[in-house]
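Residue numbers (this note's numbering), protein chains in the order written: chain A, 1 to 379; chain B, 1001 to 1255.
Derived from the structure by calculation, the hints contain no laboratory data. All values reported here derive from a predicted model rather than from experimental measurement. Each residue gets a CB set at the ideal place from its N, CA and C atoms; glycine is no exception. Mixed in with the good hints there might be a few duds.
Residues from chain B that keep clear of chain A, each with C-beta distances beyond 12 Å, as calculated [claimed, not checked]: (1) Q1024; (2) E1033; (3) V1037; (4) G1049; (5) Q1050; (6) I1088; (7) N1111; (8) L1112; (9) R1133; (10) R1179; (11) D1191; (12) A1192; (13) E1200; (14) D1210; (15) V1236; (16) P1243.
Using 25 Å as the maximum straight-line C-alpha spacing, the simulated SDA-like pairs for lysine to any residue come out as follows [what the hints assert, rightly or not]: (17) A/K15 x A/T235; (18) B/K1035 x A/E372; (19) A/K285 x B/I1128; (20) A/K367 x B/G1162; (21) B/K1141 x A/W3; (22) B/K1101 x A/E372; (23) A/K367 x B/I1128; (24) A/K285 x B/E1177; (25) B/K1239 x B/S1077; (26) B/K1101 x A/L300; (27) A/K242 x A/R124; (28) A/K367 x B/N1074; (29) B/K1101 x A/A5; (30) B/K1141 x A/T235; (31) A/K285 x B/T1091; (32) A/K94 x A/D67; (33) A/K176 x A/T235; (34) B/K1101 x A/S302; (35) A/K13 x B/S1161; (36) B/K1101 x B/E1177; (37) A/K285 x B/S1094; (38) A/K367 x B/K1131; (39) A/K285 x B/G1162; (40) A/K13 x B/P1114.
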Amino acid sequence: MNWLALRMLTGDKSKYLSLVLSITFATLLMSQQVSIFMGIVTRSASQIIDVRDADLWIMDNKVRYIDEAPYLPSSHLQRVRGVPGVDWAVRFHKSNMTARLPDGNFRNVVMLGLDDATMVGSPRRMVLGELSDLNRANAVFIDKAGYEYMWPGEPFQVGREFHVNDRRVVLTGICKASAPFTTLPILYSRFTEIERFLPANRNLMNYILAKPLPGQDPLQVCRAIEKQCGLMALTQDGFFWKTIDYFMSSTGIPINFGITITLGFIVGAAVAGQTFYLFTLENLKQFGALKAMGVTNARLISMILLQASVVSGIGYGLGMGTTAIFFTFTNRIAPMAGIHLNTIAAAGVGFAVLIIILLTSLFSLRKVLFLEPAVVFRG
Amino acid sequence: MLAVSPSPAGTASSPETLAVVCRQIIKEFGTGETKTVALRGVDLDVLAGQMTLLVGQSGCGKTTLISIIAGLLNATSGSLTVLGQDLIKMTGASLVQFRQKNIGFVFQQYNLLPTLTAVENAAIPLIIAGKPRRRAFEDAKEILSAVGLAKRMHLFPNQLSGGQQQRVAIARALVHEPRLLVCDEPTAALDAHSGQTVMELLRRVALQSDRAVIVVTHDNRVFSFGDRIIHMDDGVVTKVEIPDSTSDRNAVSIH
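Looking at chain A on its own, in the form it has when it is part of the complex:
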């Protein structure tokens, strides 16, 4: 009977194609929007993700997200280091600055200041130069996308000079970094250089990066730091989600993307549902004939579900494939760098397609199950 169900489905090529394409379109629209949404939201916390060598982030206890952290007195660093369970703790700076290029153009940049001695929070992958090049006088690194943004179309080249906050810097390395929310270039420098860029500030450390002792529960160490120092201490994961939660609750991004994703779902469900329902209606006499000839309702259900599964499986596969191709090409464009199809989006959209196809099948099944086999005798 599976053979019969598939022949009924694929026999009418145009309807079969429109069914598959409706699911493909819905999948493409939803997976693309979900992926872009997740990519953009993740970008808001990209600097947190990029710090791989510290597990704990310590900050002022009123911080809501990574871009909004007041500077802490340097005494806090010693206090954190003195908390039992803390293996080590280092200072970390993050701020926005202005870079002025030799041709007079200027760009806002994200500046990350690393502890001079340990370089905790340094980039993991260098495109050009060595990590030790950051130890040179006036040295800064820039991320690859940022380089393309500051010097579009120009080959990668270290030794470039420009100004940050009116202080001369030398580009000594190009690295890879996760794209930030605002697509601004990310500059890495040593903490002592930061002091040069912001001479008027008494404090320049807005985060303390720390690692718990081996075997210590990071959450318990966080609680101990909070209790002992009066600061907010979060695990990397905790700070990541705190930042994302802020963007989710304080910006219109979730609503905008939510509307598009919902529209994709509705359009996909409506088109696929209508086409599948019409397909069933057109075959109603045939289903009636099959019922008269002795096909049970259970078999008819399995036939319709098989047809729906095949359509959704192929449509979902094509939709995902198209999305993957889309992101393969868009990843080469700097503003879209780092936004890709991920497994959570694929699984979520897969679930949505399953709902679409179940809803679609439900109407068709209802029509077929309540069909009187005697209908075949009505001309």
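Since chain A is already given, all that's left is putting chain B on it; use the hints.
What follows is chain B alone, placed relative to chain A:
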């Protein structure tokens, strides 16, 4: 020439050859003010080895009656025995299985699956019964050859004429060798010649000593093909005619 049977109720006298026995079949649709009585107490016997024509005006209850005989509709009251089985007491899966095994259907609009070839359409009852596809196709080819479609068995319904489609439908109805064949207006959608061909085919291929054929029709050009003609009006059997010979039947060749 037709002879009027002395038994107006449509009952026959030899119980050992009875394929269908209907007694006081009543069928009502709806309730209250919308209640419609389609059958008002039908008594009818259908003999195995005979072609029984069920004739009458539209709305007289022919289709309702064969739907009940074929197990597609439940009677409101009365008794019904088909091939020795009490169909009134039979429900659900057993009724479906009974239909699958014992009854063949020929529909006015053929109801062939448009996406299947003639041979695939003809094999459907065997596939429903669980026969392996290859063997089902072999049997279907055999029966299609018998109905004169040996050279057209790989064509789709829309590539066949109306008469040829009805022949495929007949092949489909007979492929699993049912003991009761129910045909609803098999010639209504056909021209006179094709209609004659189909009726001749039904007599030649379908009619066997252990198989009863019931044909619902209002096409008086094919009355001569029946062994018994049951007239119905307003939900009851009004007259039974027995054609005095088969000499009137038009001999037609199959194209």
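ask   = Which of the listed hints are not met by the structure?
value = 7, 8, 9, 17, 20, 30, 38
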